[in-house]
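> Here is what each chain is made of, one letter per residue.
2 protein chains.
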Amino acid sequence: MTYCVAMLLDTGLVFLSDSRTSAGVDQINTFRKTTVFQRPGDRVLVLQSAGNLAITQAVASILYEQMAGADGASSLLTCPNLFEAARLAGDALREIHRRDAAALKDFGVEFNASLILGGQIRGEAPRLFSIYAAGNFIEATPETTYFQIGESKYGKPIMDRVIRRSSSLSEGAKCALVSMDSTIRSNLAVGPPLDLVIVKRDRYSVARQMSIDADDEYFHSLRDLWSEALREAFARLPEPGWLNRPLP
Amino acid sequence: MTYCVAMLLDTGLVFLSDSRTSAGVDQINTFRKTTVFQRPGDRVLVLQSAGNLAITQAVASILYEQMAGADGASSLLTCPNLFEAARLAGDALREIHRRDAAALKDFGVEFNASLILGGQIRGEAPRLFSIYAAGNFIEATPETTYFQIGESKYGKPIMDRVIRRSSSLSEGAKCALVSMDSTIRSNLAVGPPLDLVIVKRDRYSVARQMSIDADDEYFHSLRDLWSEALREAFARLPEPGWLNRPLP
Numbered sequence: 047m048t049y050c051v052a053m054l055l056d057t058g059l060v061f062l063s064d065s066r067t068s069a070g071v072d073q074i075n076t077f078r079k080t081t082v083f084q085r086p087g088d089r090v091l092v093l094q095s096a097g098n099l100a101i102t103q104a105v106a107s108i109l110y111e112q113m114a115g116a117d118g119a120s121s122l123l124t125c126p127n128l129f130e131a132a133r134l135a136g137d138a139l140r141e142i143h144r145r146d147a148a149a150l151k152d153f154g155v156e157f158n159a160s161l162i163l164g165g166q167i168r169g170e171a172p173r174l175f176s177i178y179a180a181g182n183f184i185e186a187t188p189e190t191t192y193f194q195i196g197e198s199k200y201g202k203p204i205m206d207r208v209i210r211r212s213s214s215l216s217e218g219a220k221c222a223l224v225s226m227d228s229t230i231r232s233n234l235a236v237g238p239p240l241d242l243v244i245v246k247r248d249r250y251s252v253a254r255q256m257s258i259d260a261d262d263e264y265f266h267s268l269r270d271l272w273s274e275a276l277r278e279a280f281a282r283l284p285e286p287g288w289l290n291r292p293l294p
Numbered sequence: 047m048t049y050c051v052a053m054l055l056d057t058g059l060v061f062l063s064d065s066r067t068s069a070g071v072d073q074i075n076t077f078r079k080t081t082v083f084q085r086p087g088d089r090v091l092v093l094q095s096a097g098n099l100a101i102t103q104a105v106a107s108i109l110y111e112q113m114a115g116a117d118g119a120s121s122l123l124t125c126p127n128l129f130e131a132a133r134l135a136g137d138a139l140r141e142i143h144r145r146d147a148a149a150l151k152d153f154g155v156e157f158n159a160s161l162i163l164g165g166q167i168r169g170e171a172p173r174l175f176s177i178y179a180a181g182n183f184i185e186a187t188p189e190t191t192y193f194q195i196g197e198s199k200y201g202k203p204i205m206d207r208v209i210r211r212s213s214s215l216s217e218g219a220k221c222a223l224v225s226m227d228s229t230i231r232s233n234l235a236v237g238p239p240l241d242l243v244i245v246k247r248d249r250y251s252v253a254r255q256m257s258i259d260a261d262d263e264y265f266h267s268l269r270d271l272w273s274e275a276l277r278e279a280f281a282r283l284p285e286p287g288w289l290n291r292p293l294p
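Residue numbers (this note's numbering), protein chains in the order written: chain A, 47 to 294; chain B, 47 to 294.
Incorrect hints may have been included.
Unchecked claim - Every beta carbon over 12 Å from chain A, so not counted as near; a handful from chain B, in silico:
1) 106
2) 137
3) 150
4) 217
5) 281
6) 284
Stated by the list, open to error - A few chain B residues facing chain A, derived, Cβ under 7 Å:
7) 69
8) 74
9) 145
10) 147
11) 148
12) 149
13) 203
14) 269
15) 270
16) 271
17) 280
These are calculated hints, taken from the structure and not from any lab test.
All of these numbers come straight from a predicted model, not from anything done at the bench.
For every residue, glycine included, the Cβ atom is placed at its ideal position computed from N, Cα and C.
Work out the full structure: start from the sequences and follow the hints.
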């Protein structure tokens with residue numbers, strides 16, 4: 047399982063992913079699900095992936111091959127805009143689908159993969175895309191502050207409640223970590239280390255890229271403080287008056 | 047979709063369910079998913095259901111027929127203990143499976159149904175069971191404070207954080223409503239009115255049974271206060287110091 051979340055804010059983008067993969071509870075491994083492609087001063091792109099690891103690694107591999115190619119074909123490092131970059135990633139998914147889907151089906155394995163791609167290419171505002179297994183994709187509009195892939199439900203309520211386009215990158219990072227914490231607590235197949243990438247608007251390079259372990263001081267204190275704050279906030283909520291009223 | 051949650055606490059049980067059913071976004075209806083069976087002074091049983099409505103209604107129908115039967119066969123009102131009651135509910139599911147599963151399969155419809163059954167029968171402590179579509183079931187042990195069926199993920203983190211066996215029934219009801227609120231906000235197919243049933247230990251009858259509308263005063267204020275408390279608690283969390291440190 048995987049949990050990836052990416053936010054598009056007024057001042058830039060925040061990406062957070064876990065790194066646990068599981069093929070059954072006795073096959074737990076650590077694989078990074080976030081990849082950064084950048085040409086400082088010109089562009090920065092961040093790719094997150096969820097689903098079948100063989101598929102998503104193959105997609106990344108195709109994208110790297112394109113970048114290394116000398117044939118002048120479009121790649122994430124040369125494409126003119128982020129829409130084209132999302133199309134390249136979607137096309138890579140389709141290529142793996144053509145190659146692998148039938149064989150996977152023979153073994154009863156679903157073709158399961160999804161991507162988030164975001165960043166900024168000079169000449170455009172920052173953009174964020176969510177790419178489906180079929181290679182098609184949607185883009186974040188002004189009403190969309192974030193995309194999630196993988197185990198998204200446990201960590202969604204806090205995102206909906208606090209993140210706005212006007213949230214700062216610090217608030218974004220904090221919220222992503224709280225959202226990840228809720229997910230880690232509820233799904234054993236999501237776990238640290240976490241990969242956090244922050245892109246500031248109009249910088250065309252990564253502002254911060256960190257690996258956050260379970261014993262990271264900030265994450266650790268955030269988890270404790272948030273648990274405590276939730277319990278306190280819950281305790282302060284009024285209790286229903288009707289329970290102890292005499293029965294009619 | 048449906049969300050049902052039931053808690054087994056030291057002082058009794060709390061059950062909460064929504065009432066929205068959907069067969070596509072243009073077929074939204076209100077059906078109650080909680081049924082109470084009681085013989086005051088002797089027993090009180092509460093059944094919650096999620097999944098295919100035709101299946102779960104048929105199950106309830108079988109259970110009612112057994113109760114009305116004059117043949118002396120076991121029913122929810124006569125069985126000696128809650129384990130036997132769970133077995134009756136599981137057997138009813140299996141009967142519907144035998145009758146309907148093949149026909150459903152012809153139409154590509156999965157046999158999807160799950161139940162929660164809890165309460166107290168004189169001579170026993172309160173008990174709580176989660177019953178699967180296959181008719182088998184598990185029982186809450188001292189480590190288990192609650193079961194959920196249906197759309198369970200959005201509302202799970204708060205349950206895990208605040209509910210203990212020692213929580214009061216008021217706290218239980220409050221937490222169930224907060225958990226339901228998170229679910230309603232994130233899944234349009236879960237909605238009010240809500241059915242809340244509270245069973246006090248050793249009373250052998252329902253202590254409180256309420257239908258809670260969206261404009262219910264307590265639920266409404268709980269939703270607002272909780273949103274505000276979450277946002278405040280989030281705002282008080284320290285922000286990461288590293289974001290604005292100069293890049294290495």
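> Now tell me if each hint is right for this structure.
Here is what the structure says about each hint:
no.	hint	in the structure
1	106	holds, 25 Å
2	137	holds, 31 Å
3	150	holds, 22 Å
4	217	violated, 7 Å
5	281	violated, 8 Å
6	284	violated, 7 Å
7	69	violated, 22 Å
8	74	violated, 21 Å
9	145	violated, 29 Å
10	147	violated, 21 Å
11	148	violated, 22 Å
12	149	violated, 25 Å
13	203	holds, 4 Å
14	269	violated, 10 Å
15	270	violated, 10 Å
16	271	holds, 6 Å
17	280	holds, 5 Å
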